[in-house]
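Student: The primary structure of each chain is shown beneath.
There are 2 protein chains.
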Amino acid sequence: MTDITMFTSTLSLTALYSPIVAELRAVEERLLGELYSDLPLINELCAHVQGYGGKMLRPSLLLLAAQACGGIRDAHLTLATVLELIHLATLVHDDVLDQAEIRRNKPTIARMTSNETAVLVGDYLISHAYHLCSSLDKPAVARQVAACTNRVCEGELLQVHTRGQWSLSPELYLEIIRRKTAALTAAATELAATLSDCPVEWCRALHVYGEQVGIAFQIMDDLLDLTGNTVVVGKSLGSDRRLGKCTLPVIHFRRDADPPAWEAIQAWLTGANEQMACDIESAWQAALQETRQTARNHITQAQLALQTLPPTPAREQLQMWADFSIHRQR
Amino acid sequence: MTDITMFTSTLSLTALYSPIVAELRAVEERLLGELYSDLPLINELCAHVQGYGGKMLRPSLLLLAAQACGGIRDAHLTLATVLELIHLATLVHDDVLDQAEIRRNKPTIARMTSNETAVLVGDYLISHAYHLCSSLDKPAVARQVAACTNRVCEGELLQVHTRGQWSLSPELYLEIIRRKTAALTAAATELAATLSDCPVEWCRALHVYGEQVGIAFQIMDDLLDLTGNTVVVGKSLGSDRRLGKCTLPVIHFRRDADPPAWEAIQAWLTGANEQMACDIESAWQAALQETRQTARNHITQAQLALQTLPPTPAREQLQMWADFSIHRQR
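Respectively, the protein sequence lines represent chains A and B.
Just so you know, we're using this note's numbering here: the first sequence kicks off at 1 and counts up by one.
Just so you know, we're using this note's numbering here: the second sequence kicks off at 1 and counts up by one.
Simulated from the structure, these hints should not be mistaken for lab results.
One should not assume that every hint holds.
Unchecked claim - Far from chain B, by Cβ distances over 10 Å, these chain A residues were calculated:
id: 1; residue: S12
id: 2; residue: V21
id: 3; residue: Q50
id: 4; residue: R111
id: 5; residue: H131
id: 6; residue: S135
id: 7; residue: R143
id: 8; residue: C278
Stated by the list, open to error - Below 16 Å or equal to it, Euclidean Cα-Cα: the simulated EDC-like pairs (lysine to aspartate or glutamate) are:
id: 9; chain 1: A; residue 1: K138; chain 2: B; residue 2: D137
id: 10; chain 1: A; residue 1: K55; chain 2: A; residue 2: D38
id: 11; chain 1: B; residue 1: K138; chain 2: A; residue 2: E28
None of these values were measured; they are calculated from a predicted model.
Glycine included, each C-beta is placed from N, C-alpha and C at the ideal position.
Make a model of the complete structure from these sequences and hints.
Tutor: The following block contains the structure:
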């Protein structure tokens, strides 16, 4: 069972997840059950991947949205499991792409076995996600899930394609994270409403909510990659710099930088200089602050969208989830 | 449009495909349409991958099976496109696993761009396969397709896991190719019958047919990897030896080999000796012959299963397809 009391923050995940603890356990059990194979080798690999889970971001958003839409049904548990399987698959393939060695304080599958095995384990997870998804009696939902994974792949491809472009535009950065991260969180909250046969305005509002939370979450993730501590965050950091991924702090810094400052930050980003030059430190801090503010703006939009739904304790939890996503330390 | 007149054999693909030429074209068009993205980068990558297609093995088996079951419906074209997309995805990921440089006489995606891009393009193809599959109005078929891809991944994982095991048992070899290759050909022919609402005996018979053809096809593929000519076959060969993949000729050779002969063949397999020692050449040729005979036995089983279906020109084509799969030179 995954420990979901992992975060230290003024808003803890324990508090956020308190109304859905039993359901999150049920999702974890379904996930275990789905991945079971008659081949011991595969069970060993999957047991390792299950250790990657932890935040249960997508399932928790889906389940809280379901509560806000009147209550959690069996189909919600199924779909929450599907989305977590998809997320795990992207983590496993991401670790191949990013050449990451550590994930949740454990060696990655790619590191522990080989890139080949990691590619196949990711494929195995995604295949099981679709297998479970096709058990839903709403084919339109399965189709929306697959449309969402189309977008996730597009976002990832765009990201790999733009590696090394330190002058990435803010629009393209947003488009990348909208597809690669926010498509899945938007599907989580929107489809919770769809499965509850909610009015279309609720579905739309929850789509906006999930998308904006996803965008803010990714902005903060990218910020932590530049500023966080590996032990606290529990995964390899600094990979964005190493791989030439241009993220929002760099984009904000660039807009106001004169040529020498831009040269100095690039020297640090590319590793030509280990330490950041002192004279750009305060401008860099300002860029980080502006990045946090951008994330906050997306959260404001998310919370505004929620107003379409009737006031319930579950809606309150979703408001808090949005806040949490920008205050987390890991 | 893919050239489907590519094979030279007493049985040509042109003859085999003659009753389904228009439908195969329709499948190629659907495939093109499905992969279209608003991102030019992705269209470029997909255009390259489409060049991998060619044999259209799975679509042609499905369409001929559909004809044998009373006629080709729109759902058959959809499912044929889905299976070809899945197949293309496995090719792209296989080329990462096998470090292959050439596929259909062109550089592989992995070689042309990067392993990272190849992983993502494979994911993109599989996602589109499921997206299209979920448009079928029979969710049970979508579920069977995903169950089949679960098995494909298991087969691939088993294969990677057993690399370097030159003493692989014939049972485990068969299990690997049954999952990694035959699961998809079995799904192609069985689901053709399912979509035509055929009696369950027909579905079962076509499952056996597709599975046995798939097994024979893979046995011959593995044989060609050891004996074929890169230019004729049109892809990187010898990768099984280089990667330590033990295939049927080696398994047959080993059964009758004394220790010095076994040592000599291993020296050749591992590349310690460039040339095979002269004194094992005839035993090696015998093992190749036995391998061809094993493939023929599977084809006999496939053709026997077909007897459950009423005699039609389409059934005759399926009989010929089975023969072709073991007589092909590439």
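Student: Each hint needs a verdict: does it hold in this structure or not?
Tutor: Against the structure, the hints come out as follows:
1. S12: holds, 34 Å
2. V21: holds, 30 Å
3. Q50: Answer for A:Q50: holds, closest chain B Cβ roughly 16 Å.
4. R111: holds, 15 Å
5. H131: Label violated. Min Cβ-Cβ 4 Å, cutoff 10 Å.
6. S135: violated, 6 Å
7. R143: Violated, because the least Cβ-Cβ distance between A:R143 and chain B comes to about 4 Å, which does not exceed 10 Å.
8. C278: Holds, because the least Cβ-Cβ distance between A:C278 and chain B comes to about 35 Å, which exceeds 10 Å.
9. A:K138 - B:D137: holds, 10 Å
10. A:K55 - A:D38: violated, 29 Å
11. B:K138 - A:E28: Given that 16 Å is the threshold and the Cα spacing comes to 28 Å, the pair is violated.
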